[in-house]
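Novice: Sequence:
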Amino acid sequence: MGSTGFMITLSVLLIVGVVAGVVAQRRTARTRRPAGRPGLSDLDAEAEANHWLIRLGGGLVPPGARAWAGADEAAGRALTSAAECHRAARDRLSGARTAGDYEEVTRVAKEGLEHLRSARAALGQPASGAVDGPALPRAARVPAVGAGRAVTSR
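Start counting the sequence shown at 2; every next residue gets the next number (my numbering).
These are computed hints drawn from the structure, not numbers from a lab. In this text, all values refer to a predicted model and were calculated from it rather than measured experimentally.
Per label pair, the in silico range of CB-to-CB distance:
1) N51 x I16: 35 to 41 Å
2) S95 x M8: 48 to 54 Å
3) L15 x R98: 29 to 35 Å
4) S95 x D45: 15 to 21 Å
5) G101 x G18: 31 to 37 Å
6) A72 x V23: 53 to 59 Å
Glycine included, C-beta positions come from ideal geometry on N, C-alpha and C.
Please take these sequences and the hints and turn them into a complete structure.
Specialist: What follows is the structure, encoded as structure tokens:
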């Protein structure tokens, strides 16, 4: 009878140890930092991607919609490119799972913000609060309004 109690206690301790090990392993895997951005966890990368996507979406809803309606062809192309970047970033965000995936969403959203800046410049409008902010990295720069460039989704 004493050995049965010992076996049950040992079994329970082994199960608890295995469960604790699995939980600890998953927790470290979830917050593992990517090699390219040592200070950015998966959750931080997701928050940053959401931030840039919301900023792009806010820029697509202008306060003076009449000015956007009268846009010339170059500004219209830039607005279309910005909207395509927004759609592509939303699509990529829905399937993103790693910090690298979220960084790609951030890159596409920043590219869309550059298209918005080009469109606003073509319309003679000042940049709005949704598009203002810290300077975008060189990788997010896009050609001037006249140079056509399409955004493709994976």
